[in-house]
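Sequences listed follow chains A, B, C and D, in order. Here the UniProt record's numbering is used: the first residue of the first sequence is 1, the next is one more, and so on. Here the UniProt record's numbering is used: the first residue of the second sequence is 1, the next is one more, and so on. Here the UniProt record's numbering is used: the first residue of the third sequence is 1, the next is one more, and so on. Here the UniProt record's numbering is used: the first residue of the fourth sequence is 1, the next is one more, and so on.
All clues given are correct.
Only pairs whose alpha carbons sit at most 16 angstroms apart, straight line, appear in this in silico EDC-like list of lysine to aspartate or glutamate: (1) A:K55 x A:D19; (2) C:K294 x A:E50; (3) A:K63 x A:D156; (4) B:K55 x B:D21; (5) C:K294 x A:D71; (6) A:K55 x A:E3; (7) D:K294 x B:D71; (8) D:K294 x B:E50; (9) B:K66 x B:E50; (10) B:K63 x B:D156; (11) B:K55 x B:E3; (12) A:K63 x A:E3.
From the derived model, a few chain B residues whose C-beta atoms are all more than 10 angstroms from chain D: (13) Y11; (14) P15; (15) T42; (16) K63; (17) A115; (18) Q207; (19) R212; (20) G216.
Keep in mind that the hints were calculated from the coordinates and are not lab data. Glycine is no exception: its CB is placed at the ideal position from the N, C-alpha and C atoms.
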Amino acid sequence: MIELSGVSYGYDGRPLIQDLDLALAPGSFHFLTGPSGAGKTTLLKLCYLELTPDKGQISAFGKPAKQLGRDGIAQLRRRVGVVHQDCRFLDHLPLLDNIALPLAASGQPIEAHAADISALLEWVGLDGRADALPPQLSGGERQRAALARALILSPDVILADEPTGNVDWEMSLRLLSLLVELNRMGKAVLIATHDLNLIRQAKSQVQARVLRLRAGRLDVAGADL
Amino acid sequence: MIELSGVSYGYDGRPLIQDLDLALAPGSFHFLTGPSGAGKTTLLKLCYLELTPDKGQISAFGKPAKQLGRDGIAQLRRRVGVVHQDCRFLDHLPLLDNIALPLAASGQPIEAHAADISALLEWVGLDGRADALPPQLSGGERQRAALARALILSPDVILADEPTGNVDWEMSLRLLSLLVELNRMGKAVLIATHDLNLIRQAKSQVQARVLRLRAGRLDVAGADL
Amino acid sequence: MVPILGLLRGDTSADRVVPPTGFTARLTVFTAAAMAFLAVFALALSLATARLADRWGTALAQGATIRISAPAEQRAAQTEAVLRILRETPGVASARALGEDEQRALLAPWFGPDLPVETLPIPQLVEVVEDGRGFDAQGVRLRLRAEAPGAVLDDHSRWRRPLVRAADRLNLLGLGALTLIVLTMAAMITLAAGAALAANRQVMAVLRLVGARDTYIARAFVRRFTLRAGLGAAVGTALSMGAVAALPRMDAAGSFLTGLGFSGAGWLLPLLIPPLAALIAFWATRYAAMKALKEIP
Amino acid sequence: MVPILGLLRGDTSADRVVPPTGFTARLTVFTAAAMAFLAVFALALSLATARLADRWGTALAQGATIRISAPAEQRAAQTEAVLRILRETPGVASARALGEDEQRALLAPWFGPDLPVETLPIPQLVEVVEDGRGFDAQGVRLRLRAEAPGAVLDDHSRWRRPLVRAADRLNLLGLGALTLIVLTMAAMITLAAGAALAANRQVMAVLRLVGARDTYIARAFVRRFTLRAGLGAAVGTALSMGAVAALPRMDAAGSFLTGLGFSGAGWLLPLLIPPLAALIAFWATRYAAMKALKEIP
Ligand SMILES: Nc1ncnc2c1ncn2[C@@H]1O[C@H](COP(=O)(O)OP(=O)(O)OP(=O)(O)O)[C@@H](O)[C@H]1O
Ligand SMILES: Nc1ncnc2c1ncn2[C@@H]1O[C@H](COP(=O)(O)OP(=O)(O)OP(=O)(O)O)[C@@H](O)[C@H]1O
Ligand SMILES: [Mg+2]
Ligand SMILES: [Mg+2]
Numbered sequence: 001m002i003e004l005s006g007v008s009y010g011y012d013g014r015p016l017i018q019d020l021d022l023a024l025a026p027g028s029f030h031f032l033t034g035p036s037g038a039g040k041t042t043l044l045k046l047c048y049l050e051l052t053p054d055k056g057q058i059s060a061f062g063k064p065a066k067q068l069g070r071d072g073i074a075q076l077r078r079r080v081g082v083v084h085q086d087c088r089f090l091d092h093l094p095l096l097d098n099i100a101l102p103l104a105a106s107g108q109p110i111e112a113h114a115a116d117i118s119a120l121l122e123w124v125g126l127d128g129r130a131d132a133l134p135p136q137l138s139g140g141e142r143q144r145a146a147l148a149r150a151l152i153l154s155p156d157v158i159l160a161d162e163p164t165g166n167v168d169w170e171m172s173l174r175l176l177s178l179l180v181e182l183n184r185m186g187k188a189v190l191i192a193t194h195d196l197n198l199i200r201q202a203k204s205q206v207q208a209r210v211l212r213l214r215a216g217r218l219d220v221a222g223a224d225l
Numbered sequence: 001m002i003e004l005s006g007v008s009y010g011y012d013g014r015p016l017i018q019d020l021d022l023a024l025a026p027g028s029f030h031f032l033t034g035p036s037g038a039g040k041t042t043l044l045k046l047c048y049l050e051l052t053p054d055k056g057q058i059s060a061f062g063k064p065a066k067q068l069g070r071d072g073i074a075q076l077r078r079r080v081g082v083v084h085q086d087c088r089f090l091d092h093l094p095l096l097d098n099i100a101l102p103l104a105a106s107g108q109p110i111e112a113h114a115a116d117i118s119a120l121l122e123w124v125g126l127d128g129r130a131d132a133l134p135p136q137l138s139g140g141e142r143q144r145a146a147l148a149r150a151l152i153l154s155p156d157v158i159l160a161d162e163p164t165g166n167v168d169w170e171m172s173l174r175l176l177s178l179l180v181e182l183n184r185m186g187k188a189v190l191i192a193t194h195d196l197n198l199i200r201q202a203k204s205q206v207q208a209r210v211l212r213l214r215a216g217r218l219d220v221a222g223a224d225l
Numbered sequence: 001m002v003p004i005l006g007l008l009r010g011d012t013s014a015d016r017v018v019p020p021t022g023f024t025a026r027l028t029v030f031t032a033a034a035m036a037f038l039a040v041f042a043l044a045l046s047l048a049t050a051r052l053a054d055r056w057g058t059a060l061a062q063g064a065t066i067r068i069s070a071p072a073e074q075r076a077a078q079t080e081a082v083l084r085i086l087r088e089t090p091g092v093a094s095a096r097a098l099g100e101d102e103q104r105a106l107l108a109p110w111f112g113p114d115l116p117v118e119t120l121p122i123p124q125l126v127e128v129v130e131d132g133r134g135f136d137a138q139g140v141r142l143r144l145r146a147e148a149p150g151a152v153l154d155d156h157s158r159w160r161r162p163l164v165r166a167a168d169r170l171n172l173l174g175l176g177a178l179t180l181i182v183l184t185m186a187a188m189i190t191l192a193a194g195a196a197l198a199a200n201r202q203v204m205a206v207l208r209l210v211g212a213r214d215t216y217i218a219r220a221f222v223r224r225f226t227l228r229a230g231l232g233a234a235v236g237t238a239l240s241m242g243a244v245a246a247l248p249r250m251d252a253a254g255s256f257l258t259g260l261g262f263s264g265a266g267w268l269l270p271l272l273i274p275p276l277a278a279l280i281a282f283w284a285t286r287y288a289a290m291k292a293l294k295e296i297p
Numbered sequence: 001m002v003p004i005l006g007l008l009r010g011d012t013s014a015d016r017v018v019p020p021t022g023f024t025a026r027l028t029v030f031t032a033a034a035m036a037f038l039a040v041f042a043l044a045l046s047l048a049t050a051r052l053a054d055r056w057g058t059a060l061a062q063g064a065t066i067r068i069s070a071p072a073e074q075r076a077a078q079t080e081a082v083l084r085i086l087r088e089t090p091g092v093a094s095a096r097a098l099g100e101d102e103q104r105a106l107l108a109p110w111f112g113p114d115l116p117v118e119t120l121p122i123p124q125l126v127e128v129v130e131d132g133r134g135f136d137a138q139g140v141r142l143r144l145r146a147e148a149p150g151a152v153l154d155d156h157s158r159w160r161r162p163l164v165r166a167a168d169r170l171n172l173l174g175l176g177a178l179t180l181i182v183l184t185m186a187a188m189i190t191l192a193a194g195a196a197l198a199a200n201r202q203v204m205a206v207l208r209l210v211g212a213r214d215t216y217i218a219r220a221f222v223r224r225f226t227l228r229a230g231l232g233a234a235v236g237t238a239l240s241m242g243a244v245a246a247l248p249r250m251d252a253a254g255s256f257l258t259g260l261g262f263s264g265a266g267w268l269l270p271l272l273i274p275p276l277a278a279l280i281a282f283w284a285t286r287y288a289a290m291k292a293l294k295e296i297p
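Please model the complete structure; the sequences and the hints are all you need to start from.
Structure follows, in C-alpha cells:
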C-alpha cells in the first residue's frame, strides 16, 4: 500500500539512503534492522511522508506522494499508524485524550469509540492510567501509549520505530502478538527494531521478512539471524 | 557512596517503592530489572536526589541528603553521572557543547578537557557528529551522547537508565565494556535495563549483582536469569 | 468579521489540543488590556482637544465687535445702518447695540464703576454673534466704510488664534499617540502569538503526525488568541472608559476649556477597540500559525 | 545597579546555555522600545504642561493693575503714594504709572484712537510687575484703602485661573500616563520573562541534571533579559527623543503657549528610562527564574 522505488535520501547532502525499493503490501510483515544511525527512522519517515526523497518515487495507496498536498498528507496519515521512536504526546492532555487524538483530529466523536479505546488500553497494560498525563508515565508506558495511539484509527499500515525498546520481554511479546493479530487481519506492518530475540519470536508466528539497512542499502536477512 | 535505607516512595500517594535498602559502594556493579512501570526510573531518581523519599534516609558520599541544599545537590550531581531514559539535551547547542555541559556548569574550561571529550566521542561512535544538533541525531546516537555526557566529569557513581534501549547489539557491548572498565577503576555502576542478554554478557566480565524490582521491593536475582 | 464570529461558536475538541500556556496567555490578555486602556485615553485626549479647538475657534470667530464713533446727531443713524448691514450679512446670527449699563460694565476695569457714560463721547458698541459659518469680515468692512463711516469692525482674531493652534496641535498629538498605540498593540499581539506558536511547535508536530489538517491546528490557536485579545481589550476599554467617566468634569458652564472625556456618540468610538484587537489577533495568529505549520512536514 | 553592571561583563559559557528564543526576545525588545517611546512622550507632555501651568500662572500673577480715580488735585499725590506702597511690598518687581499715550492705546478698542484723554476723568493706571514669589494682594488692598483711597487693585486672576487649572490637569494626566506606561512596561517585561522561562523549563531541567547551580542558570536568563530590555528601551528612548526634538517648535517668542519638548536639563530625564527598564527586567527575570527553578528538583 506504500511503495518506494529508487528512493535516495540524505541530510544536508550527506547521502544516507541510496536507490532503495520497498513495497508494503497488504498483509505483509516486515522487520527493519541495522546498526544505530543506519537510517531506519529516516526510512520510516519517508514512508509516512515526513521527509521527501531526494530521488525516486513514493506512492501511497496508489497515489504518487508528490500529488498530495498538505491536506492530502494529513488524510493519508489517518490510514498509517506511526509509533515514533521518541514518542511525543500533548503533555497537557491525559493519556486517554492523547490516545483518542487521531479521532479528534479526523473529526470523529470520541464517545463512539470509547469501547475501542478501553480495549486497546487494556491490551497494552495501561487500563489504570487513562487519566495520567504523559510526563507521569514511565518510559515503557509511553511506548505502549504511542502504540495504542497509532492503532486507534485502525490503520491499514502500521509503522513502528523501536516499539519495544523500553519494555520488558513479556510485554514485548504481548505487543508483538497484538501486531501479529492485526497483520492477520490484512494490515501491513513494518517494525524497526534492534531486538533480535523479538524478530526470532515473530518469525515463529508469522511470515515476516527481515530487512537489514546497511550503508544505505536494504538487503533481506536470511537464516543468519 | 550512595545509600538508601528504608526508603519508601509513591506518586500522588500511590505507594510504589516500599521500605527499600540499597548501597552503591565503590567498585560495585548493579543491574536493575523489573517490569515496565515497576519503578526503576523512580529508584534512580531517588538516587540522584531528583525525588525526595516519603520515608527512610538517603545519604550521598557520607552526607544525609536532607542536609544538602539546592546547591549541595548540584554539587553532588557533579559526582554522579546520570543517563536519563528520555535523554534530554539543549537542542540549540551542538553535540560537543552538550557533552561538555557538565564542565561548563561546574565552571571548568572546556579547552582543558578537549582530549577527554574527543576520546569519549570516539568510544561511543559519535566522533563524526560533534557539530550536529541533538534533534539531528538518531535515537541510538542520542543515548550514546547521553552516556558520554554522564561520563565527562569522571563521576564516582554512574546511574544509567536503559542506556542501550535504542542501540544495536554490537554497540551495546561496546558501551557495556566502557562501563565495565570504569567500574574496574573503582566507580560504582547501576544500570537499569530490560535487556537480559546484556546482563548475561556483563556477568561474564564483572561481578555484577542483578536486582529485580517487583511490587515495590528489591530482590537479588540469582542464576535464574 | 465572519470568520471571527465562526470562532465564537467554537469546537471544544480542537480547542483542547492547545496547551493552556499560562504566561503567553496572560501576556496577550494583559497587553491587549493595557494598550486598549491607553488607546481609549489617547482617543479621549484627541476628541477633547478637537472639541477644544472647535470651541476656541468658534469663540474666536464669534467675538466680533463693531465700534461706532460718530458725532451725537449721526450716532443713531449709523447704528441703525450697521445693524441693517449685519442683518443682511450671511453668517451673522444676531447683532445688538449695547445699552449704557452694559457699556459702563465693560469700561469699569478702566474707569471704575462711577463713569458718567452719558457725558462722555464714548462710541456705541455693537456685539455681533455669528452662526457656525462665520461671515466675510472684509466685505462687512467695505460696506461699513460706505454706509457708516464711523464704524470699525474688530474681530479679535489675533488674540485667540494661538490658542486654537495649540489645541489643534494637541489634537494631532492625541491622534498620533492613538495610532502609535494601536500599532504597538498589533505588533505585541503578533509577537505574543508568534512566541506561543514557537513554544508549541511540538504540539503542532504531534497533531500533524496523527493526521490533523493545518486548518484544524491553526484554528485552535487562532481561536484562543482572538478571544484573549478581544477579552483583554474589552477589559482595558471598560476600565479606561470608567476612568474617563470618573474624571472630574472641567467644563463648568461657560468655562473657557473643555474636560477630557467623551460626549454623546463619542462614547461609542472606544467600543471599536476590542473588535479591532480581536481582528488584529485573528489575522496575526492565523498568519503566524500557517507560517509555523509550513515548516512541519 | 551593581549586579546589573556585573552582568555586562558576562560569562559567555553561561550565556550560551539559554536558547536564542526568537519571538520572546523580539517581544521583549519591542515591548521595551515601544513603552519607552510612549513614556518619553508622556514625560514630554507632562513637562510641557508643567511649564505651561507655570507660565500661565506667572502671567496671571504678574498681570496686576492699579486704577486710581481721584479728583485732579489729589491724583499726583495718590499715584505717588501707590508707587511708594508698591516699592515697599515684598514680591513686587517693579511698578510704573502709565503715560497718556499708553492709556490712550489701551482704550483705543473702546473709543477709537481719537479719544481726548486729557479732557476726560480717566483714572490713572499703574502697571505692577511681580517677581516670582508674588505679593500679598490683600495686604496691598488694605494699605491702599488707608493711604490712597482712590486706588483699586485688579489682579485679573479670575480671567486666567481656569487656564492654569487646565494646564495643571493636563500635567496630572501626563504624569498619570507616564506612571501607567512604566507600570505596563514592567508588567509586560515580567510576563515576557515568565513566558520565556516557561518555554525553557527543559533547559533548566537539563542544566540541573548535569549539576549546574541555580545562580548559574538564573544568571544566564537574567543577563539576556536585562540586556534586551535595556537595549529595547534605549532604542525606544532614542527614537522618541529624536521625534520630540523634530517636532516643530511652538513657542515663538512671547507666545501664550509652550511647545511639547524638553528644555535644558529636561533632556536628561528620559535617559533614566533605559536603566529603569533594565532594572525592572533584572528583578523580574531574577524573581521569575528563581521561582521556576524552585520547581525543578
Ligand atoms: N534532521 C537530521 N539532520 C541531519 N542528520 C540527521 C537528521 N536526522 C537524522 N540524521 C542522521 O542520519 C543518520 C540516520 O538517522 P536515523 O534516525 O534514520 O537512524 P536510525 O537507523 O533510526 O538509528 P537508531 O537505531 O539509532 O534510531 C544518523 O547518523 C543521524 O545522525
Ligand atoms: N511524575 C509522576 N507522577 C505520577 N506517576 C508517575 C510519575 N512518574 C512515574 N509515575 C508512575 O510510576 C510508575 C513507575 O514509573 P517508573 O518510571 O519508575 O517505571 P520504570 O520501572 O522506569 O518503567 P519503564 O521500564 O517503563 O521505564 C509508573 O506506573 C508511572 O506511571
Ligand atoms: Mg531510529
Ligand atoms: Mg523507566
